[in-house]
Amino acid sequence: MLMPAPDPAILARRSELLARLREAVPGGVIEDEASRRAYDQDALTAYRQMPMLVVLPSSTQEVAAALRVCSSLGVKVVPRGAGTSLSGGALPLEDGVVLGLAKLSRILDIDYDNRTVTCQPGVTNLSISRAVEARGFYYAPDPSSQIACTIGGNVAENSGGVHCLKYGLTTNNVLGVELVTMEGEVIRVGGKHFDAEGYDLLGILTGSEGLLGVITEVIVRILPKPETARALLIGFASNEAAGDTVAAIIGAGIIPAGMEMMDKPAIHAAEAFVRVGYPLDVEALLIVELDGPGPEVDHLCGQVTALAQSRGAVSCRMSGSEPERLAFWAGRKAAFPAVGRISPDYFCMDGTIPRRALPGVLARLREFEGEFGLRVANVFHAGDGNLHPLILFDSNVPGELERAEAFGAAILRLCVQVGGVLTGEHGVGVEKRDLMGEQFTESDLAHQQRLKCAFDPAGLLNPGKVFPVLHRCAELGRMHVHQGKLAFPDIPRF
Amino acid sequence: MRLCDRARDQGRFNVTTFAPTREQEVIEAVRWATAAGEPLEVIGTGTRRGLGRPVSVPHVLDLSALSGIVSYEPAELVLTAWAGTPLAEITSALAEHRQHLAFEPLSDVEGTLGGVVATGLSGPRRPKAGAVRDHVLGIAAVSGRGESFVGGGKVVKNVTGYDIPKLMTGSYGTLAVFTEITLKVLPAPEDVRTLIIHGVAAREAVRLTTTVLQSAAEVSGACHVPASVVADGTSQTAYRFEGVGPSVEFRLARVRDALGGSGPVTVLERDESVSFWRSIRDVTPFAGAAERMVWRISVPPAEGASVLERLERAIPGAHALLDWGGGLIWFQLPEADESMARDARAAVVRAALTGTQGHATLVRAPASVRETAQVFQPQAAGLAALSKRVKAQFDPRRVLNPGRMYADV
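Line by line, the protein sequences are chains A and B. Every letter in the first sequence is one number past the one before it in the working numbering, and letter 117, counting from 1, is 117. Every letter in the second sequence is one number past the one before it in the working numbering, and letter 312, counting from 1, is 312.
For the record, the hints were derived by calculation from the structure and aren't laboratory data. Check before you lean on any hint, since a few could be wrong.
Sample of chain A residues at the chain B side, in silico, Cβ under 10 Å [to be verified]:
| hint | residue |
| --- | --- |
| 1 | CYS164 |
| 2 | GLY190 |
| 3 | GLY191 |
| 4 | ALA252 |
| 5 | ILE254 |
| 6 | GLU425 |
Owing to the predicted nature of the structure, the values given are computational and were not obtained by experimental measurement. Here a beta-carbon is modelled for each residue, glycine too, at the ideal position from N, C-alpha and C.
Only chain B is shown next, with the shape it has when bound in the complex (with noise of 0.2 Å):
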């Protein structure tokens, strides 16, 4: 295995990094971990370093040497790759076939498998076609013990045993070094299309979409982009038509019908609305001002826009994107001063989601900020506790990435 003397893209000194290219190398490096008393930072190519709290210890294990897909079979709906391979292999290799990833992953040529896999976040498909939990099927990886175990299984229907692949999914690398992950895959669409309405207001936006919601036109993304973030000052609310063109022609014209009345309509066709989803995808309108601060928040669908005002009242200046029809809220907060140094303002907006349910999440702000703030939603006593014992029956000695999501665990 090869030790390096720099980590990857880091001005950091005096760090080793650990590159294993086979599965027995990284048990060698977990168990010396876990002898030595030293953590590890676990990471694929270290593109969602931004994500989560920092880690910062001098020694790193990069995964981004056990990389390729072992085995792509579109007819069983089944892939399996090491957990290093990028992710935009991944994609060009499904696409090939006519298929994709239903859950539509942030950035999808950024990245390794494992990483998207590790922070567990699911695009604007994600209410209709599931999150990226619900796609994978199989994961082999390294405990915090050094010992290689695998849980679930390659075939989409399985319920033998704990279905542990869910359990890795979104963990951030704290509970189990990865190697090998099998996903469930799925037929791309054949055709899609995109309804905007111009010019409507948040609240009434969501009051529309919960009813194209409550219909069967199958809708497989609902967004609205406010006033302020759109280029010619006129919100855009949205949905995207997926499906063989007979049945996308039919269920938009519906909708069209149905919403005609509020407002001036355009329709994208399938270039134009692949690009605008993966701006809504990827929130690219906040991606201009990359020294603001940016919340990622999960609520009811229904609620988005009464949380939504609650959060602009509290922070004037700030900007938002909906996406999940309601559900998810990307809030930016305006330039950061010294109210947001030490912890992004956490408690204002969290305070916007009292007495309803979801919790709001940090995703972009400076490691110095990360590491202070409580990056994710702090949980409720038992759920904590619980969490904290699931993580030391997988990795007792702390060595995979400690403090990655919650400063003690």
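This is chain A alone, in the form it adopts within the complex (with noise of 0.2 Å):
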């Protein structure tokens, strides 16, 4: 994986910056090695890097003089919320700083009469439903690593999870925000109101990989907890019936509150781990959860079954209780650790694509195992279309952890040819940096890197993600006017 190439002069100059941060932010340095050796990477296991400091402010105040500092010394920065990234986007820099936000770790306000909850960003996603859980209240975006990954984290990647059908992503939940920018300078953006005015800065920052401001204070909405939730698991002789299914189920106006499938690799794999009474002779399972208020989720568990059973369902279990709810998604909620125990390594994927297109999908990815010799097992947000494919190797066996990025390049490539997009809730990172080029254009790409150029135009925020070619702002800004030869002479000027 290319990184920018470390900077001789920046590397010279360690011991500098090492008192310069040791004043901005007094006990929240770490320097000796093995220390820094818990920073050198995140939930993308295959890359390692160790920074060359790590720095862990407690304040606003301590990031915003850590930026100045690094700013002034021309100091690369990767923030970092709580590593959980799957796709590399708190990867350290050999010449750059970890700025990790996890002392910033307080929940600041409850506001219950406005339904908003405002965090520091170091609060972890699932402490902000238990914070509010009592009053009966919870923050709805679930992403599967909830009881670690931290809010700040969330709204730099945008995450998502089960729920996100039906309650949003993090952008969709996050009323303000306040950042630093790489300069120092401290802005907030939005507030307890609904819709921030003039530019939508809060859209922009919000899924920006930690490239265009570091997040340090987090304004989210909270949504009273449904009264009944139920869910179905279905199982299906195909996945063609299954993908009708769930595109009957949203033809007749039903969104439910999460969506999920499993082949039946993955269904093998859970059930081999958790033990849940997952049925083992489908070829897909669909677990359905429907939540709100006793007489909707009544009426609308029947019609799910209801079309379910029109569609060829060979088996549909209705949870009787909570426990049984919880079991129904215990293997679902395992399938990552459960392909772990029976491949000592895997990729988890993750690209969203029509979802009309997934039986043509999946039958591609069975021709791809063929042409990898790498075996791929698949869950599936069925009501979003975000696919996880899980790409099973062995890194001991020379030529598989090659074979298996290529593996996940191709199915990246498929998605976008069917006419979708790279990632649905990982995020780019540097996982998928090298194959922007398959979705945008240059142009695409350049309008994005100037917006980049507005925030931070020195380039120290988290360089060598998401985007493949580093351009200068200078050489971006210039504009090429057509002089001479103008369309429309004659068009009186006044």
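From the two separate chains plus the hints, produce the assembled complex.
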């Protein structure tokens, strides 16, 4: 994985940087190698890189001070939440500083009347829900790493989760942020009111993968917990039948709280691991969750069951209790570690496709298995088309890591080819960076990178992530104006 | 590309209009503008000229011929259309498949898709279903550099690259000229009913509404129409229930039981509900006095009543309507006088926001007032500077709608 070449001039000034960072963030600078090692990778475990230094500020002021020091010395910065990124978003740079936000971990304000929670970026996703559950509220976006991942990281990646079909992604649930720019300026966008005015910078910051600014405060929406939630476990003899059922459910005007699909290899891996009673003789399993008031859930469960049966479902079970509902989910939620049991290594891919393309894509994946000599198990956010192929390999076997990466790239290219996108929720990071050209033209990428120039003209925040080619802002800023031969020369000028 | 001598719907003279019929012509028009140093007023059918600040330049870029639905897949929840497509065409295509635009654009029979996205105004369902920006999946556009580009995608779940569609939504045509837009569309509710409580004052209405919104009632509309605005002189506090029949019944009954003691109650069935919320969405009570200026004020919902009280004390004789559970205040000034001629009393209106978060936007006023007033809430210095830098990256020569939002942007 090619990262920007380390700058020897920066490496040479390490001790000066260390001294100035110690002034800016007293007690919060990690220098010795053994301690820095804890920060040398995130959840994209194929890659490691020791950072030059690690800084752990405890406040917005310390974040700003640290960034000003780095800015003045031209030092690159890699922000880090909990390091759960699956796309290498927090992969360090050899000549860069990792800026960890874990110490900014306080919930600052809970406002039940306005239904908002204000917290620091290091607060974990699940702890927001925990903080408000006694009053019957929760924070809806639920990425599967929610016990560990931080809200700041969620904002950076625009994280999703099983329930984002009905309740939206992080971006649809954030009302405001405070950020610090690379130059150390603190800016607030949005607030507890709906719809910040002016340009939607909040929308641009969400999902910006640590390239535009460091988030130091987040205001999120909290919702009343649904009264009832029930899950349906539905088995099908073919992927087509499962896909048809999903389309029929949406066509009937039903947006379930969650709708997940697993293929046979994934079902078998999960059942072997968690033993919750998944049917082993089906080609595809659909888990549909419906939530809301009792009468609504009753009504919708009836409709979904009928639709599934009309599309040829071979089995259908409805959860009769909360423990049973959780059990239905346990296999799906354990799918990744379950696959980790049957294979020394795996890559979890992430791409979105139009739902109707699923049977064709799955068939093509079976062909790829033959071409690359590796197996794949699939879980699929059926409601929104977000596919997670899990490519199984053994990095100790020469060549398998490379074949697995090539397999992954082939899958992502296929996603784009069928009208989808490279990433539905894990982000581009380093993992998909070099495939950006499959989805975007030079002009598309240039316009996005110019946006970066408005926030971070020196290009010091997280370089080497998301965009395959780094351009200097001066070069991007130049505008070619076609003087001489003008179209419409006879338009009168006033 | 057609060039015309007269700008659409205007009594303006000596105006040249570019009317592109395909993307390449949009590129040519913008490139001409940058080469000639001539800014463009960018419009669809011009129905939203009354919003924002007026752009009085001699060249208009009229997108109305870039029209038509490109693809619509109800089962994928995705619709793609040219930016100049009439909104009415889109809403009726959706209705055929029992789907809708969940964010409830204002006056859904007027204007173009591009206009809806450029102005980013959402209706009463916004707190529950999200705003315009939460439903724009992808945008193809031509920047002020005369270069075409695409942001976002055509699927509902996408985090590839920066979320350019969010930035473009609500940018009033100042960053790029939209050519094609992809929206997330959703099933329309099977049933809708409305519960109205009569005679409750604003402060109590917001308090009741807060409890309703903290419950599992899942209302998709919560508004308060003060007594002075209702024909029979009794205020209306209304809640909308949408969904499948049994659910609507159940939830409405529960809220009715919980609030029954607060005042006389009426229930509107489907057709009456649809009319009622349309009039809230379009602020129909203020439509009659077209010469009175109107502010649109966004605040944290629980503070709506206090902010309204401050506004009413500061400007007696004004009328108001609360939507978004208290989070949106439509504020109509009294009959115009000299004190309003320059800035529609902007300083006084915005003073009511001291100590709270939010912003006030002037949404109805003569062009002459909108030229001199601060139509949009002035931003803090850091944020304003950042916004200008963003503008400069997309439109370095300021040829796209200069001054449409802020005088110097």
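Verification of the hints:
1. Evaluation of the A:CYS164 hint against chain B yields a held restraint, the C-beta minimum of about 7 Å falling below 10 Å.
2. A hinted interface residue such as A:GLY190 counts as satisfied when its beta carbon comes closer than 10 Å to some beta carbon of chain B; here the least separation is about 8 Å, so the hint holds.
3. A cut of 10 Å between beta carbons decides the hint on A:GLY191: the least distance to chain B is about 3 Å, and the hint holds.
4. The beta carbon of A:ALA252 comes within 8 Å of a beta carbon in chain B, closer than 10 Å, and the hint placing it at the interface holds.
5. This hint holds: A:ILE254 has a C-beta 7 Å from the nearest C-beta of chain B, less than the 10 Å allowed.
6. Below 10 Å, beta-carbon pairs count as interface contacts, and A:GLU425 has one with chain B at about 6 Å; its hint therefore holds.
The earlier numbered hints are all upheld by this structure, with none contradicted.
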